[in-house]
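> Chains as they are written, first to last, in the numbering used here: chain S, 1 to 346; chain G, 1 to 346; chain U, 1 to 346; chain L, 1 to 346.
These aren't lab readings, by the way, just hints derived from the structure by calculation. Using N, Cα and C, we set each Cβ at its ideal position, and we do this for glycine too. Wrong hints could be hidden among the right ones.
[To be verified] Cβ-to-Cβ under 10 Å is the rule here; a few derived chain U residues that face chain S: (1) Ala27; (2) Leu111; (3) Trp115; (4) Lys228.
[Unchecked claim] Just a sample of chain U residues kept apart from chain G, beta carbon distances all over 12 Å, derived: (5) Asp5; (6) Arg8; (7) Ala43; (8) Pro113; (9) Leu126; (10) Ala167; (11) Thr194.
These are the residues of each chain, in order.
Number of protein chains: 4
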Amino acid sequence: MSSTDGHRVGILGASGYAGAELMRLCAQHPSFEIAFASAESQAGVAVGSLYPSLAADYPTMEFGHWEEVPEGLDIVFVALSHGVSQEVIPHLVAKHIIDLGADFRLDDPALYPTWYGWEHPAPELLADFVLGVPELFRDELRGAAAIAVPGCYVTTATLALAPLLVAGLIEPTGIVVNGVSGVSGAGRGATAGTSFSAVNETFAPYGLLTHRHTPEMEMILTRVAGEKAELLFTPHLAPMTRGILATCYARPSGDHDTEALLETMSSRYAGEPFVSVLTGIPTTKATLGSNAIHMTARRDQRTGWVIAIAALDNLVKGASGQAIQCANLAIGIDEASGLARAGVYP
Amino acid sequence: MSSTDGHRVGILGASGYAGAELMRLCAQHPSFEIAFASAESQAGVAVGSLYPSLAADYPTMEFGHWEEVPEGLDIVFVALSHGVSQEVIPHLVAKHIIDLGADFRLDDPALYPTWYGWEHPAPELLADFVLGVPELFRDELRGAAAIAVPGCYVTTATLALAPLLVAGLIEPTGIVVNGVSGVSGAGRGATAGTSFSAVNETFAPYGLLTHRHTPEMEMILTRVAGEKAELLFTPHLAPMTRGILATCYARPSGDHDTEALLETMSSRYAGEPFVSVLTGIPTTKATLGSNAIHMTARRDQRTGWVIAIAALDNLVKGASGQAIQCANLAIGIDEASGLARAGVYP
Amino acid sequence: MSSTDGHRVGILGASGYAGAELMRLCAQHPSFEIAFASAESQAGVAVGSLYPSLAADYPTMEFGHWEEVPEGLDIVFVALSHGVSQEVIPHLVAKHIIDLGADFRLDDPALYPTWYGWEHPAPELLADFVLGVPELFRDELRGAAAIAVPGCYVTTATLALAPLLVAGLIEPTGIVVNGVSGVSGAGRGATAGTSFSAVNETFAPYGLLTHRHTPEMEMILTRVAGEKAELLFTPHLAPMTRGILATCYARPSGDHDTEALLETMSSRYAGEPFVSVLTGIPTTKATLGSNAIHMTARRDQRTGWVIAIAALDNLVKGASGQAIQCANLAIGIDEASGLARAGVYP
Amino acid sequence: MSSTDGHRVGILGASGYAGAELMRLCAQHPSFEIAFASAESQAGVAVGSLYPSLAADYPTMEFGHWEEVPEGLDIVFVALSHGVSQEVIPHLVAKHIIDLGADFRLDDPALYPTWYGWEHPAPELLADFVLGVPELFRDELRGAAAIAVPGCYVTTATLALAPLLVAGLIEPTGIVVNGVSGVSGAGRGATAGTSFSAVNETFAPYGLLTHRHTPEMEMILTRVAGEKAELLFTPHLAPMTRGILATCYARPSGDHDTEALLETMSSRYAGEPFVSVLTGIPTTKATLGSNAIHMTARRDQRTGWVIAIAALDNLVKGASGQAIQCANLAIGIDEASGLARAGVYP
């Protein structure tokens, strides 16, 4: 492909981990060329100075201010903090806008005061955004002008539960999602709670009862189930940099055994480039650095519970990789372009 | 205390992690003196050669064979593999035998074929063993001649759930125990699954549906609840050496809010030297190297679930520390002797 | 490129970490197609069963026996254990053989008894192998039929020291190479010394005075310096999976300051696709999963020492990535094909 | 010992990691009772709130301001930041003041501008402080009123090198100290450079040429050698919480082989409660949580170098444990009181 065939890309919020991951993935993408990258706190700083890992691919690029984003870009990825992207996005002009934040994910503006503590400033825009989960909403994503990529925990849990809900194998309420994340999900900012000495060699829950990914999960599962889904989500922090694993517990709505659960998952995701349904056990490490999601399911005949488990890399399939997968769909090229399926193992 | 006041201690299976932890803790104990330590695979090897950390405290001691254990010891700790201690213990003569393995934990011999795959060779001995959880069975432990210390996950989950069950605040069935352990729980033996490169930077479940700590949890909770308890236990491996955290989900049997749950926990464990009930969040690291267990609880008014969470060091309160706490009770000295409450933090 | 333009590749010893990394990298390579992968200990096992990370890219491939390698392959990568490849390679027929082991690295067969403890069985073949360091021996590698890729520590230390030696800025003897490696350098085999619990949260040297990468470093540095180089190499194990960092101390042969050292490094490696000379500090993580090597140098005016420091991913630039870079040169395509420069960060 | 026999202790700067470690160790000490703990940034906060690990031992204690320190304490440990303790210490009244910071370590005030960038405000006090390394300066420490405990790297490297220098087995100049530390050495404060995601799975040097522990090492080694010692110190950060390992390279001043080096070390430290001289290899983990230091030495006959290696826990023997060992000496009780020799392993 000649350079005139390339797709010109902008990244807002490029100094965060999701932004940096977009830059890494775009450097490997056959047709994406980063034309602009902003980071308010790092404006004027060389990309390679903040991220030596990116120095060779972006030897002369500096972070700018988002207001300087050129018009006419094919794609603008927005990796700004929650609450900021809603201020910025109304000003953007680009063929495809792909937001990695939470501001345009929920379809019901009433959920924002409850879970985020603020009124949504542009509720009329919520309907413009397609939810960025290709495995669930692919048709809407083709050619979409505005896409909201869901949270990392959300992609993990909903892709594991959706096939079982759609097939009517589990009840849509009473679900427990026990989630575990690596520390990079907390972002690049330094806090006492994410310092190495505080986090290493420890395991702990956080955000009990109130984590903001809860309403996203319920919204998506309600949509695919066709009836109201309700769940309790409990996130935990594990001493690792990347990776999310969700262990989901649900009540069965029939007698289906483990084999039936696995068959339902497998047939639902047949042909998906990034989904692997395992009879064995998913591990986050098998997906590290890749856009893969690995999952399995079990039926415990003794207690009656159904378990659905999925693992992915929170910065790739859980954020930037999924955003690129969505961008590929939006602009109409091979959905898997530029994205690895093999994790960096070990 | 003069040396003639010391309690003479033997350790069988001293080369494993629980055995080595017993040796570390006994070196700090004001009256325990290790008179003998066996390790079949390391017989004739200097303790300090296998464990340089123990060289200064045991400069001349070598591992022996268990048959060489002297008679007349005050305490013999048995830290042998499951299935081995049942062969050895009938031959032991000591004032107090404290088994850290699984062979004498279950009161119903019929559970062994189901969960362990073998018939118990000495079912008549099961009734001789007191279960080694001082917070639940203290009176039976005073002066006890034979004690079976429960599994690390078992102590964690049952101490978190017991107060709520005893007080009738949660239903005894339909419970989910989502457990997470550090790698030392797998023991010192080298396996592909516990090599550093395989385990580091990953998170994964294991033993789905079939983990052997399940019937222990159900037995203890049934005993304290006075009615049949049933639960699904799902263990996971986290990339850390020590630590267990159990996140337990149960259905409430009333309207009790978070405050009521915490009050029930606190009053049940008031005066316990090693239990801390937190309004904040337990982390495994706060307990590292100590005999402490930290716990909390929450009621989710939205979905109705009750969460009980506990954390401890799997090799101390989850094994060797609890064994020493039990030994202190058995011989009638201060229950907290030789055991730290403060974790090595950070 | 149509599939008929692809290069057919075989991998012997594909179940080890270097072999698995070759499979990951070949899946991303624009023209390499793996036609065969052997692993004696895993023959008949599905690739995706041993490495779930590779399941999506190699859904039907099984490991075979090396004797089954088809003739006429464009490239055969040999990732067998030291001492095994020398038995296998004389039987191979392929356009380009690229050995990742030690058996054909040293040009002087007399070094094998000293450092490896065995006589070389085919010393007449040693001269056929070009050493696989493109930055130092690129001209010889173009079209080469047999290539021996050096050890991970060797690439790290020699690429850092070579420019300074070639330019006569440091003395070729009295050098100290203090090397640090992640645990994956020890391979996939499970040993007590590389179990997670033994290695995590610890730092230690190993192989004092006798590590086998020493004569490789001396051979390469002697070759580039044009006079006998001698050094003491001390490897250490750090609690991380991937990454090597070498901190090299040498005596200066002139008054050159830090700036002059950095200029010499930079000009020597100008245009190299995978070498970054930093004024800042190299970290292993900036190179993770990529074929990059990052380096810097300092002159301590106070004590007179010169320090040269380099970092890379031991499984990529230190092994499989460098092997592919060499293969690209051997078959005459873009040297950087299929290899990332950006590390997976964080 | 009745409580009237206890020694009343104050800790200034108790919210940092060294301060918290003092609180953990004092809780295990047979006669130390913490009467006061200050932390300017945490004044009014409950100790157990900041450090849940300490909640059980200090259930009601809150951090105060240093000005509130009661007079007449037996011991005041000062764990304040560099540059702060020199402002505070002149105002303290206590039988024994033990400073863990750098402000009173160097005997030559001229070194402070060079290495710290400020003039010493109270140079006349420098001579009052005894350096807190019992193995080297025990006689001066008995009954000492003012003690300056050296830096963590300093204790590690100087205890390894001192016996060889004193015995004249190595040259006092041209020494290289390659140091490696866990992240807790950077303290509790959150910085981008010590966040988990930045530090985990990476290895890197820092402070090239300019680390402030350099002049301390040179001062101590000059004192024990009786002639000017000079060295290059290069610190590195390893992805672990605790632990320091120093690999020291020196030129021999004779023909002494490895056995002679080890004998010199062993006889120099015979009877030391916390020093283990190993023929094997020191690891930081064997010392974790304990006051032990493990060391070894080698002579490389091929290149002529001598290597001396030592490992310890930077927060115990490298800081708070050594401070307590010094305090024990100062007040005239058993030097090993309250300090473990066995590391928490694994």
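> Next step is simple, just say for each hint if it's right about the structure.
Now the hints, each set against the structure:
Satisfaction of the interface hint for Ala27(U) is found here, the shortest Cβ-Cβ separation to chain S being roughly 5 Å, below the 10 Å cut-off. At a threshold of 10 Å, the smallest CB-CB gap from Leu111(U) to chain S is about 31 Å, leaving the interface hint violated. With a cut of 10 Å, the hint placing Trp115(U) at the interface with chain S is violated, because the nearest CB-to-CB distance is about 27 Å. A hinted interface residue such as Lys228(U) counts as satisfied when its beta carbon comes closer than 10 Å to some beta carbon of chain S; here the least separation is about 34 Å, so the hint is violated.
With a minimum CB-CB distance of about 36 Å to chain G, Asp5(U) clears the 12 Å threshold, and the non-interface call stands. Listed as a non-interface residue, Arg8(U) keeps its Cβ farther than 12 Å from every Cβ of chain G; the least gap is roughly 30 Å. Remark: the non-interface label on Ala43(U) is consistent with the geometry, its nearest Cβ contact in chain G lying 17 Å away (cut-off 12 Å). With a cut of 12 Å on Cβ distances, Pro113(U) stays outside the contact zone with chain G, its closest approach being about 30 Å.
No Cβ of chain G comes within 12 Å of the Cβ of Leu126(U); the nearest lies about 31 Å off, and the non-interface call holds. The claim that Ala167(U) is not at the interface with chain G holds, since no C-beta of that chain comes within 12 Å of its own (minimum 38 Å). Against the 12 Å criterion, Thr194(U) falls within the reach of chain G, whose nearest CB is about 6 Å from its own CB.
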